[in-house]
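Chains as they are written, first to last, in my numbering: chain A, 3 to 252; chain B, 3 to 252; chain C, 3 to 252; chain D, 3 to 252.
These are computed hints drawn from the structure, not numbers from a lab. Model, not experiment: these values are computed from the prediction.
One copy or any two copies: either way a pair holds, since identical chains are not told apart in the list.
The calculated lysine to any residue pairs, modelled on SDA-like cross-linking and capped at a C-alpha distance of 20 Å, are:
(1) K221 x D31
(2) K88 x L63
(3) K221 x E24
(4) K25 x G186
(5) K227 x S68
(6) K28 x K221
(7) K28 x I217
Number of protein chains: 4
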Amino acid sequence: MRKIVLSILIMSSFFSFAQKSEKKMKPSDTELWEPKVNVVKPGVNNAAPSDAIVLFDGKDLSQWVSVKDSTAANWHLNKDGSMTVKNKAGDIRTKQSFGSVQLHIEWKSPSEVNGEGQSRGNSGIFLQSQYEVQVLDNNNNATYVNGQVASIYKQSVPLVHAAVETGGWNAYDIIYHAPEFDLGGNLTKQATITVLLNGVLVQDHFNILGPTVFIGHPKYSKHGKAPLKLQDHRDNSRVSYRNIWVRELE
Amino acid sequence: MRKIVLSILIMSSFFSFAQKSEKKMKPSDTELWEPKVNVVKPGVNNAAPSDAIVLFDGKDLSQWVSVKDSTAANWHLNKDGSMTVKNKAGDIRTKQSFGSVQLHIEWKSPSEVNGEGQSRGNSGIFLQSQYEVQVLDNNNNATYVNGQVASIYKQSVPLVHAAVETGGWNAYDIIYHAPEFDLGGNLTKQATITVLLNGVLVQDHFNILGPTVFIGHPKYSKHGKAPLKLQDHRDNSRVSYRNIWVRELE
Amino acid sequence: MRKIVLSILIMSSFFSFAQKSEKKMKPSDTELWEPKVNVVKPGVNNAAPSDAIVLFDGKDLSQWVSVKDSTAANWHLNKDGSMTVKNKAGDIRTKQSFGSVQLHIEWKSPSEVNGEGQSRGNSGIFLQSQYEVQVLDNNNNATYVNGQVASIYKQSVPLVHAAVETGGWNAYDIIYHAPEFDLGGNLTKQATITVLLNGVLVQDHFNILGPTVFIGHPKYSKHGKAPLKLQDHRDNSRVSYRNIWVRELE
Amino acid sequence: MRKIVLSILIMSSFFSFAQKSEKKMKPSDTELWEPKVNVVKPGVNNAAPSDAIVLFDGKDLSQWVSVKDSTAANWHLNKDGSMTVKNKAGDIRTKQSFGSVQLHIEWKSPSEVNGEGQSRGNSGIFLQSQYEVQVLDNNNNATYVNGQVASIYKQSVPLVHAAVETGGWNAYDIIYHAPEFDLGGNLTKQATITVLLNGVLVQDHFNILGPTVFIGHPKYSKHGKAPLKLQDHRDNSRVSYRNIWVRELE
Chain A
3 MRKIVLSILI MSSFFSFAQK SEKKMKPSDT ELWEPKVNVV KPGVNNAAPS DAIVLFDGKD
63 LSQWVSVKDS TAANWHLNKD GSMTVKNKAG DIRTKQSFGS VQLHIEWKSP SEVNGEGQSR
123 GNSGIFLQSQ YEVQVLDNNN NATYVNGQVA SIYKQSVPLV HAAVETGGWN AYDIIYHAPE
183 FDLGGNLTKQ ATITVLLNGV LVQDHFNILG PTVFIGHPKY SKHGKAPLKL QDHRDNSRVS
243 YRNIWVRELE
Chain B
3 MRKIVLSILI MSSFFSFAQK SEKKMKPSDT ELWEPKVNVV KPGVNNAAPS DAIVLFDGKD
63 LSQWVSVKDS TAANWHLNKD GSMTVKNKAG DIRTKQSFGS VQLHIEWKSP SEVNGEGQSR
123 GNSGIFLQSQ YEVQVLDNNN NATYVNGQVA SIYKQSVPLV HAAVETGGWN AYDIIYHAPE
183 FDLGGNLTKQ ATITVLLNGV LVQDHFNILG PTVFIGHPKY SKHGKAPLKL QDHRDNSRVS
243 YRNIWVRELE
Chain C
3 MRKIVLSILI MSSFFSFAQK SEKKMKPSDT ELWEPKVNVV KPGVNNAAPS DAIVLFDGKD
63 LSQWVSVKDS TAANWHLNKD GSMTVKNKAG DIRTKQSFGS VQLHIEWKSP SEVNGEGQSR
123 GNSGIFLQSQ YEVQVLDNNN NATYVNGQVA SIYKQSVPLV HAAVETGGWN AYDIIYHAPE
183 FDLGGNLTKQ ATITVLLNGV LVQDHFNILG PTVFIGHPKY SKHGKAPLKL QDHRDNSRVS
243 YRNIWVRELE
Chain D
3 MRKIVLSILI MSSFFSFAQK SEKKMKPSDT ELWEPKVNVV KPGVNNAAPS DAIVLFDGKD
63 LSQWVSVKDS TAANWHLNKD GSMTVKNKAG DIRTKQSFGS VQLHIEWKSP SEVNGEGQSR
123 GNSGIFLQSQ YEVQVLDNNN NATYVNGQVA SIYKQSVPLV HAAVETGGWN AYDIIYHAPE
183 FDLGGNLTKQ ATITVLLNGV LVQDHFNILG PTVFIGHPKY SKHGKAPLKL QDHRDNSRVS
243 YRNIWVRELE
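With the sequences and hints as input, model every part of the structure.
See the structure below:
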């Protein structure tokens, strides 16, 4: 092999370069006019946009049931428009099932600090009931970094710790895409998740490894749409939630 | 081929299943304690988080220069903490160069409506000076959908139209990853972009096709870090900007 | 957006182009001298290369056992250096387990034609005991195309039908890469297979969908190295094999 | 997060498992009968299969022209059905242009050893005139390993050195897929190449980095179909070729 540069020049007459036809293009050739884009009225101060499904606006828990027995969710409904985990009431889930979504959800840990490590202000937001974004008060409270607030529990450490002071309201803005499977049940596309905590990027298009597990390594099983689940961590972690809405993504 | 199921059972003794060892695992086996995660104080009402680089806080244009000749940026500085495109002053860019970033930027179109189509309240935010997120007043103002507000100009139609009323302030929250190239200059990873407009997802991890072009199809050229650029569309489109900050991503 | 071309020219001084430094390179900069490459003596007329593991050279079946009970393989050993499926003796497999391999294997269907469709000269070569390359006499014998000779059974139609006349020897040259799994057992890389039949490309880097199944869709299960298996189709399909060797690939 | 296992069991009733419907499937559900597969008569002893385009069968050089000036190729035509590089005649190329192909080509280095390193029996096979599979006599002749026989020149070291003794005929069986580009000229899929040398796998689905270059790093440029090229290395390297055929791949 030698003097390739020269031979490339010589050979170039054989190649068809699309760039030539590019020169004849007009600006309008790359305009797309259809289909029209839906108009959405954005919310003010994190309120639900006009096309969102409101899952909790502070008035009632009508969109939620108990995970245990599908009876009415009996977490505490507070006068300030929030709800609080009720000890031993267990996890709650939405009645509706979802695939890929944009999710907005706000939460706060109790002002009175109790417990330490994973036992302080612990709850969790489970996309499709299986994939957990950690909720935890680990302000001045060390824990394993793949289990701290804004982690994808035991899978992905958050980029930064961006929680507000204990007792204040935090906001998650989540872009979640459901995993995909083939006819035989093989995973063909991992679930992905991007999370902003209080406007700060904490998870950046992470490829979820499988359902959240406490012990061992995650393993996907084929599933379809599934409810959003909120966790009762059963250790007196009275976390509160408010202003929950989702927008379904394709 | 026949009775595969049976033979798989027979053969299974030859396979080493990792799942067996999974059963012996303890919860602590999947805990990660290092490195520690940096603490960031989030901003209130879209203010810059503690680790952000503030590019414009309303006080001066010291972080910006003219694209044309690198002299001081001479767009209008307003008393309300915003700046406005100055006709014929041309595009401005940051002094600092960036790769992948989280970007927050707010903008509004003039309250007095002038022009139509692409000539009404048109500007643009160019990541790395090359990849444009469209800024446009197309409220009741039809244009090509891959050129409307929140499009990746001539590349990606926004998921929805989520702008506020003309004359009001809009906010973009952008997660941008720079393209990657090999030693020879071949593209090895497209740039990606996720955009929230007023809290509503409008671009969902789009793979950017190349630098924004008005005519023809985009073509990447290898580059490194580059400034953020804001556009003077030169058609009396006096768009204003405020509260601009970035956080560098790896 | 407008006059992008001009602004790109202006901006280009900010970009670091690797191409510039390319100009200072010397030819020797892209030479690699280590590690040295192993020398292999190729075989003549499809004989095993010097680094191959010979699985059958016509002398005995010492490398093979019955799949059913792991006793000695009791297929017919012929005087011409081949072996033939023994009816009801069942499938046989290698004693040794393999991952990714280059496999050479020759086979012929009985000269006397018996049966039709999948019941004429049917056998199969199962990589890692699970992934079947079909062996079938479908010369002038219609069957479903994803089950004909050189198909990945019920997964991939061969590019062409390149078998020799019934009763003649065919040669498969196969490049197979084992599937990969993560710690939890999720598939992270499909098995791939390239097959030449009598020197003609019939499977072109096909991504295997999962273990071969007669009914339903394939589903991967995590496994490690596994034996090569040859099928007794139990329908009087006395297919013969000869000259079998593998080279392990990383 | 806690007791995930239990909650997964509880939640499972919300999931739709495709596996359930799998149980109702019949064998015929996964049979494919159309389109029919073309029949190809394979060649004996590496002769061209019935669907191949024969580029050189020893009778004449009618399929070839000089790269320099497109006049008739004037390499030596030998009585034994081979052709030999003619010193200073320059590279030759096929009249026909190709995209993705299966290529069979045989070559030998001169029996009388002259020169050393890259100056002994050096030629090259350029797919689409740009991507070189190295031809070299480096039996007992050290050179850089990414420039030795069966390398993708300066890009990929061969897995093993599987050439026959100097002066003997070697055979390459090559599966090559052309690179793909988008409308703007960005590379969207690298060219890939698999090479068997004398029946031994030497390149295993390598992703080609760009056109072969002697200095610096490869960089793709958009192109369409292009001729096969054979190299005159201009250093008295009188390499011979014979039995050249291609089969076009999609």
